[in-house]
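Engineer: With the hints as your guide, set chain S onto chain E.
Each chain, written out:
2 protein chains.
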Amino acid sequence: MRPIEGLTVLLDMDTKEVVEVSDTGRSIPIPKATNTDYRFSEQKLQQDLNSINPISIEQPKGPSFVIEDEHLVKWANWEFHLKPDTRAGVVVSRAKVRDLESGVLRDVMYKGFTSELFVPYMDPTDAWYFKTYMDAGEYGFGLQAMPLDPLNDCPRNAYYMDGVFAAGDGVPYVRSNMVCVFERYTGDIGWRHAESPITGMEIKEVRPKVTLVVRMAASVANYDYIVDWEFQTDGLIRIKVGLSGILMVKGTAYENMNQVEGQENLFGTLLSENVIGVIHDHYITFYLDMDIDGSDNSFVNVNIKRQETSPGESPRKSYLKAVRNVAKTEKDAQIQLKLYDPSEFHVINPTKKTRVGNPVGYKVVPGGTAASLLDHEDPPQKRGAFTNNQIWVTPYNRSEQWAGGLFVYQSHGEDTLDVWSERDRPIENKDIVVWYTLGFHHIPCQEDFPIMPTVSSSFDLKPVNFFESNPILRAPPYFEKDLPVCRPAYSA
Amino acid sequence: MRPIEGLTVLLDMDTKEVVEVSDTGRSIPIPKATNTDYRFSEQKLQQDLNSINPISIEQPKGPSFVIEDEHLVKWANWEFHLKPDTRAGVVVSRAKVRDLESGVLRDVMYKGFTSELFVPYMDPTDAWYFKTYMDAGEYGFGLQAMPLDPLNDCPRNAYYMDGVFAAGDGVPYVRSNMVCVFERYTGDIGWRHAESPITGMEIKEVRPKVTLVVRMAASVANYDYIVDWEFQTDGLIRIKVGLSGILMVKGTAYENMNQVEGQENLFGTLLSENVIGVIHDHYITFYLDMDIDGSDNSFVNVNIKRQETSPGESPRKSYLKAVRNVAKTEKDAQIQLKLYDPSEFHVINPTKKTRVGNPVGYKVVPGGTAASLLDHEDPPQKRGAFTNNQIWVTPYNRSEQWAGGLFVYQSHGEDTLDVWSERDRPIENKDIVVWYTLGFHHIPCQEDFPIMPTVSSSFDLKPVNFFESNPILRAPPYFEKDLPVCRPAYSA
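Keeping their order, the protein sequence lines are chains E and S.
Reminder that position 57 of the first sequence reads as 57 in UniProt numbering, one-by-one numbering, no gaps.
Reminder that position 169 of the second sequence reads as 169 in UniProt numbering, one-by-one numbering, no gaps.
Bound conformation, chain E alone (with noise of 0.2 Å):
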């Protein structure tokens, strides 16, 4: 919260030789600490907000999940493999489902992960322009990822991962409580109804949600990722990012907006005197290569449209009418979304039906939206091209992992999502792929300072005619008589 503005130095990362210094922000003055330090043991106690009773989340007969060869995860009727990785942060593979009618595990999704992220700052200036981050290519989403802080990061019934990964020189290291696995029950609602009292039948049911979190913070010099798997009893995956942590700011010779004149351009906000948050959007694309009963799986475009009744056919004049559309090829499937076209996203199986004859699948629901909208021809942008579309479709390739290239240092974009999907090779009935790309615009506000409350968007993969009915239909209600004894902590 305190930068030098304007000063930068270009470094010759292979003579070690500066090559150019810059110093352009000598009348900004630095910024005063006032107020920026975060630590609880630097803080005067606020009456109000620790007036909360303690409250978590308990589960005394501990975790319903186990973990197998200590990646295997099994939990109701979910099973999954998880890992640690330098630059996914965290990849879940083999995902698959049981089935409660057959009893049968069924495959969902072979492999998903963060594949890249894409985090332009929108100042055109000298010392800002280049603030264009791809977080996991550069500096690795997992490496980036530290110890987990018990009770806080997640609930007391958490259970934590280490990550063995090699440094830079080969030799092993352990990054401890880089994940964690808890069950989460937050009050809400996995289905219910109540009979309407004119039926005459006193009928009331309602069955609460668990579901099974995997977690892991990355922190990213300043900012904060927060990446939830979040798996649902009913065969619903929700993947949520939440951002928190500190903002990228700008030095600034004003103290107030009444010193601003009318036109000029500040890049962002005035968060605090000389201090300001500068715009910039974060996207966060997932790879997801979705195996919905077996590898080979296509893409439908569930298309929502008006139909008009033709003349003396009704007294409506419109109604809409699903039309599916299934991708043949990779230019079929870069989808940008809109409101006033929208569709669903099914990834079925072509060659397995449901017991009355509907293909089985799953599909993408959007969700935290937010699309680039910088020139496709600006160099940070064909980097990042891979967040041209909201959702691509490709078939599976080995070499095709890494939505801005394997190697994105040196990238000019000639190796990204963007590319290969313009080969708009066959995608029916294929082994595919689907990227999904979560986006945040970030006009910073003064809550932001000195640390952000978390901002969190979320999109689900959640099954479509994958079961033959409500799969969570004979889960049963809570009892009072199973639930936790719990005493406050005081009178222990």
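Just to be clear, a hint being listed does not mean it is correct.
To be verified - Listed next, the in silico BS3-like pairs over lysine-lysine satisfying Cα-Cα at most 27 Å (straight line): (1) E:Lys204 x S:Lys131; (2) S:Lys353 x E:Lys44; (3) E:Lys481 x S:Lys61; (4) S:Lys44 x E:Lys96; (5) E:Lys328 x E:Lys305; (6) S:Lys305 x S:Lys338; (7) S:Lys131 x S:Lys16; (8) E:Lys32 x S:Lys204; (9) E:Lys305 x S:Lys382; (10) S:Lys131 x E:Lys321; (11) E:Lys382 x S:Lys328; (12) E:Lys353 x S:Lys32; (13) E:Lys331 x S:Lys338; (14) E:Lys44 x S:Lys204; (15) S:Lys204 x E:Lys131; (16) E:Lys338 x S:Lys305; (17) E:Lys131 x S:Lys321; (18) S:Lys328 x S:Lys305; (19) S:Lys111 x S:Lys353; (20) E:Lys338 x S:Lys331; (21) E:Lys32 x S:Lys353; (22) S:Lys32 x S:Lys16; (23) E:Lys240 x S:Lys204.
Because the hints were derived from the structure by calculation, they are not lab data.
The model shown is predicted, which means the values in this text are computed figures rather than measured ones.
Structural biologist: Just chain S now, with coordinates in the frame of chain E:
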């Protein structure tokens, strides 16, 4: 789940005479009852779903909120009035948040509630074209809210509030346990930061997130709507709607999709033998009379625009810029969301500025977006014209509370938010009401049969330069010594 398809009876409600009986579905069998009973008492056990160890939210020292005069809720830095209502369900009013620096209680929202719902089904045929429900105005969203099921609708630490209403004949009655209020800890993170090891400082600070939830669940005949108002200590209010319950289904002669000719339109999905789940939309429109530090506010569209650089200005060709447009009149604030022309939507107090000179405000953060695609001249869309935009802003007018009009049964669309807003009244620096519509397109799938797992969407009201800095910076982390001491029930 067992429709008698095609049988409709037209009744004159004044004369109580049957005007017309139409029975066009004689060839359509009534679906069998197999697998439609959702009561727990009728289920076979499923080992996998029963294998989850008891888990709950525990707060043995009791809630941290108090409710004064039966309606005034005081929790952490929040105060608001809570009222069960026959039409709106729940009304939250006079919501104020304490500024923890000054100790002052500051206005945020004068009144917020579910103003109207619009649920058009997408089948223009005889027995279905009229199914275009407006659940608040037609049935009473609050009247349809049944008593909540403790432990399952709300966690164990919930407080319940009764609704006291007048029946049609004027006799008062009590709807017990209609609303619940509870504190929630989900394992999520309020804010965090870990310093990178290269700084040499071992700093890791993480704060758990605890929120306060107000919940109601309305069972409008077949469907169940769960409405949550969630208050965060960082000043954010999240308004979430969950959908569960029973689909409205249509009988069909088909038992399998292989019997359907390619071009035939089923108006939905074959869910089970002889049962079609008809495509439909859900729109839930909220009335939000914001009062940011007082009643006179302005609505600002903070447009995020691409700016191209001049030749030679920068190695960058483009960046994004925030352009503030204050809405002068209602038409300036008729907002259809656009992914490729994004904005933030601020409600500010133009007469009050932060220490560094930003106007204090809250922003509406859209989520759960789906737009009505029906023809604007379609009769149901005329009545549901309040869904023609996702956001509207009107000047406060005591007669404009119900987005579809006061008397929706008789409506031809002459008294809707759309009509009011077309008057294009001034809204700058006035007491303004923001209207936000959550939308869902619902193409049913087999997992929704016979009862659907909850699908939720939400939007946020979030402080933006309302506080001088992060208002939860000084919140304490969790310490093991403060947490409850719990044991499994069986050992009691």
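Engineer: Please name the hints from earlier in the document that this structure breaks, with their numbers sorted from lowest to highest.
Structural biologist: 11, 22
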